[in-house]
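So you can see what is in the structure, the chains are spelled out below.
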Amino acid sequence: MDIRLFQAAKRGEETALEQIITQYQRPVYALCYRMLGNAAEAEDAAQEVFIKMMTKIHTYDPSRPFAPWLFRVATNHCRDRLRRRRPVFSLEEGGEEGAWEWMPGNAVNPEAAVEAKEEAEAVRRLLECLSPMDRALVTLFYWQGLSYAEMAEATGLTLSAVKSRLFRARREMARHLRREILQPEVSHAAQPRPR
Amino acid sequence: MQHNHAQDEFWHSDGWWMRLSEGRISADEARAWQAHLRRCRLCREEWRAWQEMERLLTAAPLPRPSSTFVEATVQRWSAHRRRRRWWMAGAILFIVPLSAMAYTVLMGGTFLQAVALVQKLWAFLGLLVPMLVRALVTLSMAFGTALPWIAATFALLLIFVALLDGTLLAGSAVFMQRRSRR
Ligand SMILES: [Zn+2]
Numbered sequence: 001m002d003i004r005l006f007q008a009a010k011r012g013e014e015t016a017l018e019q020i021i022t023q024y025q026r027p028v029y030a031l032c033y034r035m036l037g038n039a040a041e042a043e044d045a046a047q048e049v050f051i052k053m054m055t056k057i058h059t060y061d062p063s064r065p066f067a068p069w070l071f072r073v074a075t076n077h078c079r080d081r082l083r084r085r086r087p088v089f090s091l092e093e094g095g096e097e098g099a100w101e102w103m104p105g106n107a108v109n110p111e112a113a114v115e116a117k118e119e120a121e122a123v124r125r126l127l128e129c130l131s132p133m134d135r136a137l138v139t140l141f142y143w144q145g146l147s148y149a150e151m152a153e154a155t156g157l158t159l160s161a162v163k164s165r166l167f168r169a170r171r172e173m174a175r176h177l178r179r180e181i182l183q184p185e186v187s188h189a190a191q192p193r194p195r
Numbered sequence: 001m002q003h004n005h006a007q008d009e010f011w012h013s014d015g016w017w018m019r020l021s022e023g024r025i026s027a028d029e030a031r032a033w034q035a036h037l038r039r040c041r042l043c044r045e046e047w048r049a050w051q052e053m054e055r056l057l058t059a060a061p062l063p064r065p066s067s068t069f070v071e072a073t074v075q076r077w078s079a080h081r082r083r084r085r086w087w088m089a090g091a092i093l094f095i096v097p098l099s100a101m102a103y104t105v106l107m108g109g110t111f112l113q114a115v116a117l118v119q120k121l122w123a124f125l126g127l128l129v130p131m132l133v134r135a136l137v138t139l140s141m142a143f144g145t146a147l148p149w150i151a152a153t154f155a156l157l158l159i160f161v162a163l164l165d166g167t168l169l170a171g172s173a174v175f176m177q178r179r180s181r182r
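Which chain is which? The protein sequence lines are C and U, in order.
Our numbering puts the first residue of the first sequence at 1, with every later residue one more than the last.
Our numbering puts the first residue of the second sequence at 1, with every later residue one more than the last.
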């Protein structure tokens with residue numbers, strides 16, 4: 001982040017905040033959405049993330065990259081929200097609100113729109129089988145394109161923990177998918193092979 | 001099948017799948033893996049599901065917030081800031097008379113003198129508030145967002161002192177009452 005922008009934000013200037021939000025609204029919102037699975041809640045949470053960012057900005061070291069720091073604020077905030085939300089722990093609440101996934105810009109025809117919506121639901125189901133922390137890791141990996149080191153910074157985990165947790169999360173999702181879509185073949189494969 | 005058992009264990013290990021998922025495999029390994037896939041249904045299915053998962057996740061678009069997001073967030077921030085300022089001003093307004101009262105008593109004044117001082121302070125409230133606001137603005141210029149924390153620490157310290165002094169105050173009030181009875 002531009003150092004002058006950072007200084008201005010540190011003084012609490014609204015124009016600086018506006019610039020930062022404009023720049024980071026989409027990744028922060030996307031992270032909240034993927035973690036919480038609900039458009040309305042994600043919007044509210046993302047706004048709170050930026051307010052938290054402003055109140056904590058004096059703890060940010062400007063010599064380090066800004067995005068992982070901001071993602072850490074967002075990840076912690078969403079995990080807090082999920083903890084408070086227990087035991088209701090479903091990503092399916094999103095329902096129709098996930099309409100952004102197949103907005104006119106994304107789909108060229110109705111069939112494609114239906115397919116996109118089905119895929120969005122499949123993604124939601126995949127993320128639902130993960131813990132909040134693993135959801136954060138998967139989101140940072142697939143949609144924010146962070147490196148392992150940046151992911152470690154964004155989550156407060158060690159580098160090796162990031163690697164192994166992310167791997168296990170991906171395998172969990174793959175196995176979930178296998179159970180879901182390849183059901184008939186799987187039950188067959190699970191049997192010992194005939195001699 | 002028997003001679004492949006050890007090799008199968010390798011292909012089924014976490015270590016291999018981790019390297020595979022990160023794309024850290026050699027050309028020879030890739031060839032041997034393809035050969036194993038032809039033989040092993042379990043790996044074939046798992047790998048197919050893995051690739052389908054990758055396709056689903058990488059194809060999913062990055063969701064967008066609403067078009068009013070930036071504006072709404074800035075508004076929320078300024079409301080939050082205003083609320084915080086009021087809380088701070090309120091805390092100071094509460095602490096100042098309390099400390100003044102405690103100070104008077106501590107320096108040998110009586111309870112009634114302390115009450116009179118608070119009454120005077122109350123009368124000067126009209127002057128005090130703009131003064132406080134000006135002081136707060138200057139302080140926030142100097143300390144930025146660290147100010148609430150500095151203020152909170154200071155306020156806690158003051159509350160602690162005031163509580164101590166408050167106990168003394170109550171004690172002295174009781175003492176004065178007894179003395180006037182004699
Ligand atoms: Zn195998």
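The hints are simulated quantities; they were obtained by calculation from the structure and are not laboratory data.
If you're wondering where the values come from, they're calculated on a predicted model, not measured in any experiment.
Warning: the hint list may mix true and false statements.
Partial pick of chain C residues on the chain U-facing surface, computed with a CB cut under 7 angstroms [to be verified]:
1. Leu5
2. Phe6
3. Ile21
4. Gln25
5. Tyr29
6. Tyr33
7. His58
8. Ala174
We treat Cβ as the ideally placed atom computed from N, Cα and C, and that holds for glycine.
A quick look at each hint next to the structure:
1. A cut of 7 angstroms between beta carbons decides the hint on C/Leu5: the least distance to chain U is about 14 angstroms, and the hint is violated.
2. Among the interface hints, the one on C/Phe6 is violated; its C-beta lies about 11 angstroms from the nearest C-beta in chain U, farther than the 7 angstroms criterion.
3. For C/Ile21, the interface hint holds, since its Cβ comes within 7 angstroms of a Cβ in chain U; the closest pair sits about 5 angstroms apart.
4. Checking C/Gln25 against chain U by beta carbon gives a least distance of about 5 angstroms; that is within 7 angstroms, so the hint holds.
5. Checking C/Tyr29 against chain U: minimum C-beta separation of about 4 angstroms stays under 7 angstroms; hint holds.
6. Contact between C/Tyr33 and chain U, as hinted, is supported at the beta carbon level, the nearest pair being about 5 angstroms apart and thus within 7 angstroms.
7. The beta carbon of C/His58 is positioned within 7 angstroms of a beta carbon in chain U (closest approach about 5 angstroms), and the interface hint is therefore held.
8. The interface hint given for C/Ala174 is met, as the beta carbon of that residue sits about 4 angstroms from the closest beta carbon of chain U, less than 7 angstroms.
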